[in-house]
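Student: Taken in order, these protein sequences are the chains called A and B. For the first sequence, this note's numbering begins at 2 and goes up steadily by one. For the second sequence, this note's numbering begins at 2 and goes up steadily by one.
Calculated from the structure, these hints are not laboratory results. Treat the hints with caution; some may be incorrect.
Note: identical chains are not told apart, hence a pair may lie in one copy or across any two.
Unchecked claim - Here are the simulated lysine to aspartate or glutamate pairs, EDC-like style, with alpha carbons at most 20 Å apart: (1) 220 to 249; (2) 142 to 40; (3) 220 to 333; (4) 220 to 153; (5) 142 to 245; (6) 220 to 255; (7) 220 to 261; (8) 142 to 102; (9) 220 to 314; (10) 142 to 199.
Number of protein chains: 2
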Amino acid sequence: MSDLPEPVLVVGTGLLGTSLGLALRRRRIEVLLRDRNREHLRTATGLGAGHAYEGGPVGLVVVAVPPDHVGAEVARALIETDAWVTDVGSVKTAPLRALEDMWGIERYAGGHPMSGSERSGPLAATETMFDGRPWAVTPHKRSSEAATAAVEELARLAGASVVRLTPEEHDEAVARTSHLPHLLSVLVAGRLAGAPADHLALSGQGVRDVTRVAAGDPKLWQQIVAANSAAVAGLLTQVRDQLDVLIDAVTTGDRGSLEEILQLGVAGTQAIPGKHGGPSRPTVSVYVALPDHPGELARLFADAGASGVNIEDVHIDHDPAREMGLVELVVDETRADQLLTSLGRRGWDTHR
Amino acid sequence: MSDLPEPVLVVGTGLLGTSLGLALRRRRIEVLLRDRNREHLRTATGLGAGHAYEGGPVGLVVVAVPPDHVGAEVARALIETDAWVTDVGSVKTAPLRALEDMWGIERYAGGHPMSGSERSGPLAATETMFDGRPWAVTPHKRSSEAATAAVEELARLAGASVVRLTPEEHDEAVARTSHLPHLLSVLVAGRLAGAPADHLALSGQGVRDVTRVAAGDPKLWQQIVAANSAAVAGLLTQVRDQLDVLIDAVTTGDRGSLEEILQLGVAGTQAIPGKHGGPSRPTVSVYVALPDHPGELARLFADAGASGVNIEDVHIDHDPAREMGLVELVVDETRADQLLTSLGRRGWDTHR
């Protein structure tokens, strides 16, 4: 049985709120929903994310509203109920600041599931949204241990893995692992806008990977960045200092300094945790050329599966001129030869 | 029959030179190899990339040596032979500068296949290295049309798609689509080095994509960047100006300015050419949760293939705590429902 104090009241039935309701309903937890947007509420209840809240006692309130409104809704929950309170906002210290002397604040512990989508609204929701994702749980100085435990139980029941951090640590962490990469990706992508088409024809997988996140919704991202402005501005200033060193090295031809910056980047890529939380193991890429139509990928993965080698990651690159694809299979360094031999024997056109 | 002037002499039997030999041998073109590194030469000939050059007339010389040595080897080829001459270096104007008044320079037209690997040397070579990749062909002002035609034929016979650009356009293009993304990826990755492990635990797919290329070889990249310093420094300076505007917007809370920068990034991602050279079509992501062991991906792709929907791209994200993976299938917007229905019917745990 779950230790979650029920019923759970979810405030806000957008993408995250509705997905949370659906995820909890899988575990038969009683979920109540509130939203001033009546249409969202109707959709969410219709999808089976919970029942519309009509008053009465609740065990846990989850605030799932846009970043600009989190503080006010947390305060309202503390005043109107005697339940534990949490939220799912992307930034933790700014909303808390106005609340910290508030009566009942020990009943609040923040949270932030590392999930999302480029879409929004209840129709985009799904019960598997949080499965296997980290969920930061961020108790503040006065959070009671029982409030924190309730939020951690919520995260686990939704399918996520709990990572406990202070609100300040969380905001530093996401500034570094999410907001800074997003903004720098935006600056690289911004340099592509308006470039000649025959220049852009040379675009390979590298620039596509670096700029993928820059396609995210500007209205959402300006709220996120604004709410975490101190941590983000600090990191951006560090990057500007590094950029000055880099421009100087490129302009004066100082190759030693250039190589030092490049080496630090390599070290950074190695610092990202590997799969299953263990240290990252060395991987290599195996490339396979294949006709670009349905069924060929299936045949390839069937053959790769038959080789007994686990595929750690996949990238697909398309031939800009012919109906061909090039698939990059990333595998453990020690297994690449096995995969190459196995695929070669089955007639695939492979290389490392 | 091929119009390529044979035999082709490949100077340098590293990754690209050996791969080119192998690619041309598929078409039964006569390939001769030269390298002052006797061991590389022996390996390349042993792999079947061509025969060791022992003098005599050649039709086309391909210089495939590290960036720092391209200019000298092109000059030598123009002096010692009366053949057409090209190279496969990542940067085009700097090596040309010292040669432009040289006797015979009309026989030279540069080239740059958009291929590579994080590995190097002839043992990493493969005959499919250039298949379906763009190959920039970069005649200079005095290149003869016949020289340019020979280089274009070479690129096509190696399996690549020709993109013709001037040397200056090429260097501007790769500064924008390759060198700038690489360097900014390095700066983001550099901010991860030394960060606390529990902060890095919040790393998602976004930061992994943005920083992937930053793992590339610093020794190679400092040569590339140094050879294209003017174009790279120009773009880095534009980025610094944008970064100043961004820091100012974040610090002062100027959301209008922040959103403008974010919007320009979105426009940039839309400027990258879509698959098969056509305009990029709107795609959406379909997510599938699956146990993280060999065979499951095969089963998934078999079922996805049976749905008749073409998979445009794939990303795999791993649960840091459990043996689970989350696979993102990117498909044409109009086909997502078909795929979801089909996978759902086959028992997969899917969401958008």
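Student: Determine for every hint whether it applies to the structure shown.
Tutor: Okay, the hints, checked on the actual structure:
Proximity of residue 220 and residue 249 under a CA criterion of 20 Å is satisfied inter-copy only: 18 Å between copies versus 35 Å inside one chain copy. For a Cα distance limit of 20 Å, the shortest separation of residue 142 from residue 40 qualifies neither inside one copy, at 38 Å, nor across copies, at 65 Å. With identical chains, the CA atoms of residue 220 and residue 333 are never at most 20 Å apart, being 40 Å at best within one copy and 24 Å at best between copies. Taking the closest pair of Cα atoms, residue 220 and residue 153 never come within 20 Å of each other, the shortest separation being 30 Å inside a single copy and 46 Å across copies.
For the homomeric pair residue 142 and residue 245, neither the shortest alpha-carbon distance inside one copy (39 Å) nor that between copies (35 Å) is at most 20 Å. For the homomeric pair residue 220 and residue 255, the shortest alpha-carbon distance between copies (13 Å) is at most 20 Å, but the shortest distance inside one copy (41 Å) is not. Taking the shortest alpha-carbon separations for residue 220 and residue 261, only the inter-copy value of 10 Å comes in at or below 20 Å, while the best intra-copy value is 37 Å. For a Cα distance limit of 20 Å, the shortest separation of residue 142 from residue 102 inside one copy, 11 Å, qualifies, whereas the shortest one across copies, 73 Å, does not.
Taking the shortest alpha-carbon separations for residue 220 and residue 314, neither the intra-copy value of 31 Å nor the inter-copy value of 26 Å comes in at or below 20 Å. When the C-alpha separation of residue 142 and residue 199 is checked against a cutoff of 20 Å, the pair qualifies only between copies, where the shortest distance is 19 Å, while the shortest distance within a copy is 56 Å.
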